[in-house]
Amino acid sequence: MMTFAPLLLVFLPLVAAAVSFALPERLSSWRNAANLGVAFTKLLVVAYLLNATEAGLVFEWRYEFLPDNDLVLRLDKLALLFVTLSVFLWLMTTIYAIAYFDRGPNLSRFFGFFNLCVLAATGVAMSGTAITFFLFYELLTLATWPLVAHKGDDKSLRAGRIYLSYTLAGSVAFLAGILWLQSLVGAIEFAAPPDLTGIPALTLTLIFILCIGGLGVKAAIFPLHGWLPEAMAAPAPVSALLHAVAVVKAGAFGIVRMIYDVYGIGTVADLGLGLPLAALASVTILYGSVRALMQTDLKKRLAYSTVSQVSYIILGASLIGPYAVIGGLVHLVHQGIMKITLFMCAGALANRMGIKAIADLDGAGRLMPVTMAAFSVGALGMIGLPPVAGFISKWYLGIGALQSDAAWVVAVLAGSSLLNAAYFLPLLYRAWLLPPPADRPAIRELATTRDRMLILPAAVTALVSLGAGIFASLPFSPLAWVTLIAEGGYLR
Amino acid sequence: MTADLSLLLPLAVLWPMLLASLSLLPGWGPRMVTLLPLGPLPGLAAAVITPRDTPVALPGILLDGGLELTGTGALFLGGAALLWFWAGVYAAFYLRHDGRPTSFALFWNLVLAGNLGVFIAADIISFYVFFALVSLLAYPLVIHDRKPASMRAGTVYLVLAVLGEVAILVGLMLASYGAGGAIGIEAVRAALALPSTHPAALGLLIAGFGIKAGLMPLHVWLPVAHPAAPVPASAVLSGAIVKAGIFGLVAFLPLGTPALGAGTVLMILAFTGLFLAALLALGQAGAKSVLAYSTVSQMGLVMGVLGYALAQGSAPATLLPALALFTLHHGLAKGALFLGVGLAPTCGRAWRWGLMAVLAVLGLSLAGGPLLAGALVKSALKDPAGALGATLIGLSALTTALAMARYLAVLPRSKPRHRPPVLMALAFLALAGAALWLPWLLYADLADKSPLATDLRAQITDAWPLGLAVLLIAGAAAVGLKPPALPEGDALGPVQRRAAALTVAARAAMRAGSRSLRRSRPKPQTVIAEDLDRVEDIFREGAAAAILLLAVTGAILASVLI
Numbered sequence: 001m002m003t004f005a006p007l008l009l010v011f012l013p014l015v016a017a018a019v020s021f022a023l024p025e026r027l028s029s030w031r032n033a034a035n036l037g038v039a040f041t042k043l044l045v046v047a048y049l050l051n052a053t054e055a056g057l058v059f060e061w062r063y064e065f066l067p068d069n070d071l072v073l074r075l076d077k078l079a080l081l082f083v084t085l086s087v088f089l090w091l092m093t094t095i096y097a098i099a100y101f102d103r104g105p106n107l108s109r110f111f112g113f114f115n116l117c118v119l120a121a122t123g124v125a126m127s128g129t130a131i132t133f134f135l136f137y138e139l140l141t142l143a144t145w146p147l148v149a150h151k152g153d154d155k156s157l158r159a160g161r162i163y164l165s166y167t168l169a170g171s172v173a174f175l176a177g178i179l180w181l182q183s184l185v186g187a188i189e190f191a192a193p194p195d196l197t198g199i200p201a202l203t204l205t206l207i208f209i210l211c212i213g214g215l216g217v218k219a220a221i222f223p224l225h226g227w228l229p230e231a232m233a234a235p236a237p238v239s240a241l242l243h244a245v246a247v248v249k250a251g252a253f254g255i256v257r258m259i260y261d262v263y264g265i266g267t268v269a270d271l272g273l274g275l276p277l278a279a280l281a282s283v284t285i286l287y288g289s290v291r292a293l294m295q296t297d298l299k300k301r302l303a304y305s306t307v308s309q310v311s312y313i314i315l316g317a318s319l320i321g322p323y324a325v326i327g328g329l330v331h332l333v334h335q336g337i338m339k340i341t342l343f344m345c346a347g348a349l350a351n352r353m354g355i356k357a358i359a360d361l362d363g364a365g366r367l368m369p370v371t372m373a374a375f376s377v378g379a380l381g382m383i384g385l386p387p388v389a390g391f392i393s394k395w396y397l398g399i400g401a402l403q404s405d406a407a408w409v410v411a412v413l414a415g416s417s418l419l420n421a422a423y424f425l426p427l428l429y430r431a432w433l434l435p436p437p438a439d440r441p442a443i444r445e446l447a448t449t450r451d452r453m454l455i456l457p458a459a460v461t462a463l464v465s466l467g468a469g470i471f472a473s474l475p476f477s478p479l480a481w482v483t484l485i486a487e488g489g490y491l492r
Numbered sequence: 001m002t003a004d005l006s007l008l009l010p011l012a013v014l015w016p017m018l019l020a021s022l023s024l025l026p027g028w029g030p031r032m033v034t035l036l037p038l039g040p041l042p043g044l045a046a047a048v049i050t051p052r053d054t055p056v057a058l059p060g061i062l063l064d065g066g067l068e069l070t071g072t073g074a075l076f077l078g079g080a081a082l083l084w085f086w087a088g089v090y091a092a093f094y095l096r097h098d099g100r101p102t103s104f105a106l107f108w109n110l111v112l113a114g115n116l117g118v119f120i121a122a123d124i125i126s127f128y129v130f131f132a133l134v135s136l137l138a139y140p141l142v143i144h145d146r147k148p149a150s151m152r153a154g155t156v157y158l159v160l161a162v163l164g165e166v167a168i169l170v171g172l173m174l175a176s177y178g179a180g181g182a183i184g185i186e187a188v189r190a191a192l193a194l195p196s197t198h199p200a201a202l203g204l205l206i207a208g209f210g211i212k213a214g215l216m217p218l219h220v221w222l223p224v225a226h227p228a229a230p231v232p233a234s235a236v237l238s239g240a241i242v243k244a245g246i247f248g249l250v251a252f253l254p255l256g257t258p259a260l261g262a263g264t265v266l267m268i269l270a271f272t273g274l275f276l277a278a279l280l281a282l283g284q285a286g287a288k289s290v291l292a293y294s295t296v297s298q299m300g301l302v303m304g305v306l307g308y309a310l311a312q313g314s315a316p317a318t319l320l321p322a323l324a325l326f327t328l329h330h331g332l333a334k335g336a337l338f339l340g341v342g343l344a345p346t347c348g349r350a351w352r353w354g355l356m357a358v359l360a361v362l363g364l365s366l367a368g369g370p371l372l373a374g375a376l377v378k379s380a381l382k383d384p385a386g387a388l389g390a391t392l393i394g395l396s397a398l399t400t401a402l403a404m405a406r407y408l409a410v411l412p413r414s415k416p417r418h419r420p421p422v423l424m425a426l427a428f429l430a431l432a433g434a435a436l437w438l439p440w441l442l443y444a445d446l447a448d449k450s451p452l453a454t455d456l457r458a459q460i461t462d463a464w465p466l467g468l469a470v471l472l473i474a475g476a477a478a479v480g481l482k483p484p485a486l487p488e489g490d491a492l493g494p495v496q497r498r499a500a501a502l503t504v505a506a507r508a509a510m511r512a513g514s515r516s517l518r519r520s521r522p523k524p525q526t527v528i529a530e531d532l533d534r535v536e537d538i539f540r541e542g543a544a545a546a547i548l549l550l551a552v553t554g555a556i557l558a559s560v561l562i
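Quick note, the sequences are listed as chains U and F, same order.
Quick note: the first sequence, position 461, residue 461 per this note's numbering, numbers continuous.
Quick note: the second sequence, position 192, residue 192 per this note's numbering, numbers continuous.
So that you can see chain U by itself, here it is in the shape it has in the complex:
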């Protein structure tokens, strides 16, 4: 078990992918059963691993891939944080996707790539060397493209093209960065950070810029965020996974690895790279919020909100203080569960009532109360209102900024809170307080076609976002786990 656990986590989605590709469309119920079964099994495995890892075990699998360049899958606490998030949200999204698509076309292809995408995200999380990371990172790029372009219309294909041109170019920059660094220090293992002494500061700075620039494409840092709002052409389950865990988080996670496990916070501080990155993240936070405010389309508003929120993670990582690290990493989880709630709700609204524009939201709360209640929890959490989880992230980021002598960041956080309130509260106002337009289906009519599985996942993630805030200090809460990570070496 010690060495095979990481392999098992990669192997399970592969099974689901193979089954999904192999089964013809008419056997969709078998395919659904296989997908759900595997997702659930993986959740059980992760539950076991969480317990074992908390007790101090580290699972590692190693394979010599190229001379001196091992493929390493290593389950440290940080990896497990991301793995747990992706496995949980994967299960939720699978349930949701089955209800959302029902019997649409090309679903074998969809679920196949969907599983490959999750495999890649898990691999990114567990990668123990820079090369392993890169391989899974690329697999993620490629496995996501068919999902983004799933609908196959002009808009989706354009979105897919833009997505590829951004991310592939980013990958080239990232690859150039790690190869350059490897040519100087040899293979980069995250568990044993390379010795960077003796390398000129300018070189290190350039490599840092290449790597962060490359990773920043997926993390949608301004001005590299352009692909994300376009990718809204994808179906709702894809958007949900894309924004919550798969793609943007892989980029953010890579940046955390670069700062803490490759360069080390000492070197980043010596080179003076933390502050510019924090400034860039702050610009992204405010820019994303302002752009979100300007959108008239619901999913686009949520997309720009992601641009803004993901940069909280980068902000936390780049501020280099104990609380800031905790705030950034815990937001990796919190943003995931809150944003997936919002997207699943937006998808349900579009699916059931054809609501796409914000102006169509009027009266949605009366017609779909559970969906809108979940949406409201997610939205309030994004604003940072307690006791939803987003507040915990914001609190730690704020104190962390002060610890790093960056009081201006607190102003950024306050401004972002106000902007978030300005673009989320009107949605809630419309949905709950304005009467529905006359052409909406009646409540009774809706009730006859209700599919509980379309609403259940969002309701669960909304409750989890509430729980992660209210019970933030319980063992195994995101905050408690992140605190363990930070104490285990990120506070040096």
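A hint or two may mislead.
As the list claims (entries may be wrong) - What follows is a list of derived Cβ distance ranges for each label pair:
1) F/Arg534 <-> U/Ser29: 44 to 50 Å
2) F/Gly27 <-> U/Ala438: 47 to 53 Å
3) F/Arg534 <-> U/Ala192: 23 to 29 Å
4) F/Ala529 <-> U/Ala201: 52 to 58 Å
5) U/Tyr48 <-> F/Ala317: 31 to 37 Å
6) F/Val504 <-> U/Leu157: 37 to 43 Å
7) U/Ala192 <-> F/Gly60: 53 to 59 Å
8) F/Asp531 <-> U/Arg26: 49 to 55 Å
9) U/Lys356 <-> F/Val535: 22 to 28 Å
10) U/Asp154 <-> F/Pro59: 55 to 61 Å
11) F/Asp531 <-> U/Asp154: 21 to 27 Å
12) U/Leu434 <-> F/Pro199: 21 to 27 Å
Read the hints as simulated data drawn from the structure, not as lab findings.
A virtual CB, placed ideally from N, CA and C, is assigned to each residue, including glycine.
Chain U is already provided as a structure; the job is to place chain F on it using the hints.
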């Protein structure tokens, strides 16, 4: 046994939350409206029998939060719970045929939980959570009837509430950092007195709590929101929810260490409010708006004394008992006055005179009429207020009395041959009785002397501004003088108009400036959004090239450097 009693503290907030969740059960809305009075009972019991200053840890909740009942907190808690109870009795009858029972019961109970929680939180995170509950979730109570005026009032309320939340959050962050990351309220309060703490922390907290407590230029939500809400909701808004802001100041102002700047500013603003709000009340046409302005005025008195104490560095022990007693009296009396507004239409004939008599006594008590509870609490507050403060408090009897006369004059007309409903009348009388009696009961405990030992003769001689008020009122009535009609929310109108004008001007400027950039596109978007869309499109098309260029430049630089 003490352990068991301290469990009442978590129960005080969990119980209303449970009731709130029950009201979500399909069809349970009307039933939960009937059960509204149950919500504050554990809180009321806690205020009476829970041991003071005994922390109750809540491990695992929020950031390992806790609850604790301080002596001052107990007075706030008891007063608020009592008001919520009787307002709940009143509401159970008043809203028995209401069209939105679920919404009312849900948010009533949640706001109640937050309101009581604010008084017993031991750490700033729990405090902030409760404060957000009471502050933001009162919005649905304000807009309960969904009339256009209520919706406008609700928007004003919500905007100011969100601004207040953010100000408090940032203030708490700065203060907590000053305390080395500690989150206990006492540690944070101590840190606010340290010179090393960011100076903005105190200002932001005063502004944030000042919004809730109606500090003068930030008070504009009060006179529009209180009249909009249903009568029992106005009563708790004005009597209990506003007190959450006062308690925030009590909990966090670092009394005992002179903070001359912040204290003086607070004192000047608050004492200005004390007089100005009472004068503005005279121009109001609605009884609830008059009461709302009167609340601004009375809270100005409390905050003025707090500001003076902050500037002077007076020890909290000299001030807080008197201050808590004053707010207790004000909360109960103001609650009863609000309930009276709803009662007035139902009181025909002789009932009308009875109602007017009780209301007049309450109003006189608020103004500090001699031998009434109000005079007792005011005289207790004069000592810590300093010479100037004591004079101002004495003079304020004049304006308060005028405002109360205005209230009685604009009270809704009665329908003839109506009798007041028993439950509503009972709630009203109980609150009025508690307002007049409780200060006498509690005074001995707090001041270590019997209320009868105070200088009763001085109370009578100090009441000369009241006599002047009576003369003025009589004179005005004799010549038929009418006050000018002022809009609710005084400064709000011009501000809103100016904001609207600014928005229009900014839009026009943007449109003119960006006309050159714009192709005509039939999209319902703002001009600047379209332009940014175009810029992002340009980026999108060239993104791959730009990023590759970055990589190549990096590679070339690399080969040069190595």
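(Q) Please list, smallest to largest, the hint numbers that this structure does not respect. (A) 2, 3, 4, 5, 7 and 12
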